[in-house]
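Let's have the full structure, built from the sequences with the hints guiding it.
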Amino acid sequence: MTQSANKFLTSKTVSIVGAPFSGGQPQGGVEKGPIRLVESGLANQLEEMGYHVEYEANSDLESLKPAQDPVVQNLKNPKFVSAVTHRLAGQIEERAKQNKFVLTLGGDHSVALATVSGVFAAYPNACLIWVDAHADINTPEGTESGNIHGCPLSFLTGLSQDHPDFAWVKPVLQTGRLAYIGLRDVDDNEKKILRDNNIKALSMHHVDKYGIGKCVDICLDHINPNRDLPIHLSFDVDALDPTVAPSTGTPVRGGLTFREGHYICEALAETGLLVAADIMEVNPALESPESVFNTVQVGCSLARCCLGESLL
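Position one of the sequence shown corresponds to residue 243 (the working numbering), numbered consecutively onward.
For the record, the hints were derived by calculation from the structure and aren't laboratory data.
This structure is a prediction, so every number in the text was calculated from the model and none was measured.
Among the clues, some could well be false.
Computed cross-link-like contacts, BS3-like style, restricted to lysine-lysine with a CA-CA straight-line distance of at most 27 Å [claimed, not checked]:
id	residue 1	residue 2
1	K318	K434
2	K434	K451
3	K249	K434
4	K433	K451
5	K442	K456
6	K307	K412
7	K274	K307
8	K321	K274
9	K412	K339
10	K339	K254
11	K318	K307
12	K318	K412
13	K433	K412
14	K434	K456
15	K456	K249
16	K321	K307
17	K321	K451
18	K249	K274
19	K318	K274
20	K249	K339
21	K318	K339
Pair ranges (Cβ atoms, derived) [as the list claims (entries may be wrong)]:
id	residue 1	residue 2	range
22	T252	K451	34 to 44 Å
23	Q269	Q310	16 to 26 Å
24	K307	L553	40 to 50 Å
25	N286	E512	32 to 42 Å
26	I277	K307	13 to 23 Å
Even glycine gets a Cβ: it sits at the ideal position worked out from N, Cα and C.
And the structure:
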């Protein structure tokens with residue numbers, strides 16, 4: 243299993259950061275995603291690929307839950323989400339600065355407040371590829387659900403800056419350094435944000451039109467034209483079609499195939515620029531045991547591809 247030498251990481255250490263957290267959305271169970279991925283052998287699989295693997299479970303995140311957490315500016319559980327992501331952000335920054343590949347296992351996608359904040363603190367010139375059925379760039383005033391897992395990118399890009407509970411989140415991500423693949427359920431408010439900010443957003447229409455290989459190239463040409471910047475991948479398993487990854491909280495039909503999802507991870511690993519990856523929204527409480535098994539296996543497989551596993 244060969245991978246072109248990583249241009250930023252000299253160590254062969256993977257820091258697996260568990261983010262067992264469900265407070266950014268209403269469905270319980272997603273907090274069990276990280277442990278299921280690890281219990282199914284992910285760390286051992288990475289060690290067999292030649293990596294030294296460290297794992298931090300962060301199983302005490304529930305202790306950060308405040309006694310009172312009222313809705314503020316339309317957002318639900320803002321204090322809990324903020325406390326958890328603030329703590330994880332410091333941990334992820336530290337691991338990234340130790341020259342380790344940071345693999346964060348979610349948890350719901352509000353955890354991206356932590357992963358992007360942490361990774362970009364270590365690599366300020368990084369770029370972000372967001373693989374998801376949803377754009378997750380709603381503003382507090384624009385969100386209809388109030389679920390923070392649909393809002394992290396508005397804070398990280400500075401489009402939302404005046405929420406009292408998220409004052410710690412810095413606008414580390416320039417909109418020109420963000421690209422999406424796999425969108426197919428985007429709010430009208432978010433469509434306007436994507437257009438107004440000239441964000442490179444590829445929907446399933448583009449995947450059908452161009453093929454997945456061309457879509458990855460289009461994104462990299464836009465956010466990393468000289469192929470010299472660190473890349474952070476945030477992969478929500480609901481980007482995959484529900485037939486591939488059924489056990490997730492907001493499934494949407496018509497998603498990426500098994501092969502397309504893996505191609506993205508393989509292609510980014512091949513650049514030698516990938517420094518961090520998130521595998522998010524695996525929810526073992528949803529669907530049948532077989533569906534859960536399949537979803538967990540796909541999550542592990544995507545992670546291995548990010549670290550250089552390839553078919554040949």
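### Message
Run the distance test for K321 versus K307: straight-line Cα separation, threshold 27 Å.
### Response
8 Å, holds
### Query
Going straight from one Cα to the other, do K321 and K274 come out at no more than 27 Å?
21 Å, holds
### Query
Is 13 to 23 Å a correct range for the gap between the Cβ atoms of I277 and K307?
Holds: the Cβ-Cβ distance is about 18 Å, inside 13 to 23 Å.
### Query
Given the proposed pairing of K339 with K254, does the C-alpha separation stay at or below 27 Å?
14 Å, holds
#### Entry: Proposed proximity, K412 with K433 (alpha carbon, max 27 Å)
Judged against 27 Å, a Cα distance of about 23 Å means the pair holds.
### Query
Should the hint that K307 and L553 are 40 to 50 Å apart at their CB atoms be regarded as holding?
This hint holds: roughly 43 Å between Cβ atoms.
### Given hint K339 paired with K249 - CA-CA distance at most 27 Å
15 Å, holds
### Task
With a cut-off of 27 Å on the C-alpha distance, tell me whether K442 and K456 pass.
14 Å, holds
### Holds or violated: K434 to K451, with C-alpha atoms at most 27 Å apart
Since the Cα atoms of K434 and K451 sit roughly 22 Å apart, the hinted pair holds (cutoff 27 Å).
### Task
Confirm or reject the claim that T252 and K451 have a C-beta distance inside 34 to 44 Å.
39 Å, holds
### Pair hint outcome, K412 versus K339 [Cα-Cα no greater than 27 Å]
18 Å, holds
### Task
Look at the Cβ atoms of Q269 and Q310 and judge whether their distance stays inside 16 to 26 Å.
Between Q269 and Q310, where Cβ atoms are some 22 Å apart, the hint holds.
Hints 3, 17, 18, 21, 25, counting from the list given before, are not met by this structure.
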